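Number of protein chains: 2
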Amino acid sequence: MENYYLGIDLGGTTTKFGLVTTEGRLKKEWWIPTDCRQNGTRIIPDCLASIQKELASELKQKRILGIGMGCPGAVDRVHGTVSNAFNLGWTHAQPIRAAFEQSLCLPFFLENDANAAALGEKWQGSGDGEKDVVFLTLGTGVGGGVILNDQLVTGVGGAGGEIGHFPVTNPHSFDCSCGNSSCLETLVSATGIVKLAESYRLTTATTLNHCPKLTNAIIFAEAEKGDLLALKVVNEAANYLGQACSMIANLLNPHSIIIGGGVAEAKDFLMDRVRARFEQGNFPAVRKTTKLKRASLGKDAGIFGAAYLVKIRNTAG
Amino acid sequence: MENYYLGIDLGGTTTKFGLVTTEGRLKKEWWIPTDCRQNGTRIIPDCLASIQKELASELKQKRILGIGMGCPGAVDRVHGTVSNAFNLGWTHAQPIRAAFEQSLCLPFFLENDANAAALGEKWQGSGDGEKDVVFLTLGTGVGGGVILNDQLVTGVGGAGGEIGHFPVTNPHSFDCSCGNSSCLETLVSATGIVKLAESYRLTTATTLNHCPKLTNAIIFAEAEKGDLLALKVVNEAANYLGQACSMIANLLNPHSIIIGGGVAEAKDFLMDRVRARFEQGNFPAVRKTTKLKRASLGKDAGIFGAAYLVKIRNTAG
Chain S
2 MENYYLGIDL GGTTTKFGLV TTEGRLKKEW WIPTDCRQNG TRIIPDCLAS IQKELASELK
62 QKRILGIGMG CPGAVDRVHG TVSNAFNLGW THAQPIRAAF EQSLCLPFFL ENDANAAALG
122 EKWQGSGDGE KDVVFLTLGT GVGGGVILND QLVTGVGGAG GEIGHFPVTN PHSFDCSCGN
182 SSCLETLVSA TGIVKLAESY RLTTATTLNH CPKLTNAIIF AEAEKGDLLA LKVVNEAANY
242 LGQACSMIAN LLNPHSIIIG GGVAEAKDFL MDRVRARFEQ GNFPAVRKTT KLKRASLGKD
302 AGIFGAAYLV KIRNTAG
Chain G
2 MENYYLGIDL GGTTTKFGLV TTEGRLKKEW WIPTDCRQNG TRIIPDCLAS IQKELASELK
62 QKRILGIGMG CPGAVDRVHG TVSNAFNLGW THAQPIRAAF EQSLCLPFFL ENDANAAALG
122 EKWQGSGDGE KDVVFLTLGT GVGGGVILND QLVTGVGGAG GEIGHFPVTN PHSFDCSCGN
182 SSCLETLVSA TGIVKLAESY RLTTATTLNH CPKLTNAIIF AEAEKGDLLA LKVVNEAANY
242 LGQACSMIAN LLNPHSIIIG GGVAEAKDFL MDRVRARFEQ GNFPAVRKTT KLKRASLGKD
302 AGIFGAAYLV KIRNTAG
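Chains S and G supply the protein sequences, listed in that same order.
FYI, in my numbering the residues of the first sequence are 2 to 318.
FYI, in my numbering the residues of the second sequence are 2 to 318.
You may find that some hints are simply not true.
No copy labels: a pair is met if it fits in one copy or bridges any two.
[What the hints assert, rightly or not] Restricting the straight-line Cα-Cα distance to at most 35 Å, the calculated cross-link-like pairs of lysine-lysine (DSBU-like) are: (1) K17 x K289; (2) K196 x K63; (3) K226 x K289; (4) K132 x K294; (5) K312 x K196; (6) K132 x K289.
In case anyone wonders, no lab produced these hints; they're calculated from the structure.
None of these values were measured; they are calculated from a predicted model.
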């Protein structure tokens, strides 16, 4: 009987489950909608019911060593709870580990979703299994995860990897959800890039003025077609991002810095610009050794990382 | 017979030696001039002769478990060599560990001088012995050291902790010794602060214009007396430094970030300004947990850190 980890990626819209071998092969994947109504009280019971159904049928003959979960919000790794996960409807700390362990009698490990994705990319994605990897995910916000010597840097207050909240010198001073302003996230997330374009477009001749509702995808498409304002916005965002990556590289000189998330789907058009600023800012010995890469697992990074949590944290064997 | 570590801090002017107990008490300290003439060929023989003399007299009854050394330049930890230590007169890689082990028959551990000072402050200084500490030293240049989970982050290319080479958005674009421009070091080191003042003073009414040769100490003294330009320079440098520390804090959320070196001798006058920018840029959970501190060991940090190298790296016991 082969051994497996069960990885769960809990998101605001869907919850994804993956059965992963101890060597990192994804053997089965399924998902359920995340029901955030009624203060999210259905979310964990729905997860448990879905797993129990699979355990009673398709997973009956599989040996599952443990369950890992990546989840939005602030994770308390000691108590296995999560708080501040407002997009799930949760208004106070949720005892997630207790619910899983009582219901399923399997070891359970909880991590922040960006950290889980970082672990996934490190283990089976662009990190090549190397010990030192930093991950940024550019979505609605900007999440980050730092892995050094094969371990997540969680920080003394649980706030390691808050790359989205780097203070950036810039002329906009957009407010951030964290209460500060000028955070990296306000400039290079999908919403940040739209805000950049909005701040310029009405005073400039641009195809973007013909667009009633700007999106990140429209801005990148117009930039690729040569619209000067869209290009200015992409260049500006790439500059902030490349500079931030260069600081990380000069501080930690990791094997690689990996960029994932929806914004990074713009592929080479974005990455070439980020890389130019990154290389320019790197200390010579860092330039030779730290690589900047695009993530390779896409939306599965969270599942792989959640499964990997079991591998690295399950001291029961 | 009590056990001791011998810590050595090799600098461009003096080489300091310290006998440190395994609990971190400095029992004896001495120094010799560093003779950088003749391509620095006398430096290591002088060190060895000084130690042998002490071993034959005062240290005769002491049991020394090993020797650690902090040294300028790029350290190769595998081969125990150092290169790029131009201020010592060394034009090519020096086989330092081989020389010590052959001559003294004691385990020998080599580290970059900023990293050694970081270890010293972590062990016996402002780091309070905590596991996660980042150290910056502001001198002629800016050095740094990152300690996570009690271990130095040396980086895949040996360039971890190059905080002095963070690319900083600023209007000056001063060239840096590393070949880049706009590195943090060009703005907040002792020489950087002088450059900042030089760039402004001739076009501004300031007491600094009466000073034929500006120094960092003069700028701080005039700023404290209320000279507006000197104050502008100190505020600007503090702003760059506080912002860099805030990025480090948001990335790693360490127990503390410690600032040492000659520039930090300006004490509260500088630190209050750095702290204001630091707090402003920190993510809320980081603001509550990561402390910004001034170094407490002064010039002895390197000796303590070199001694601590033996404690953490000597697997022979």
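Item to complete: Provide an ascending list of the numbers of those earlier hints which the structure does not satisfy.
Response: 2 and 5
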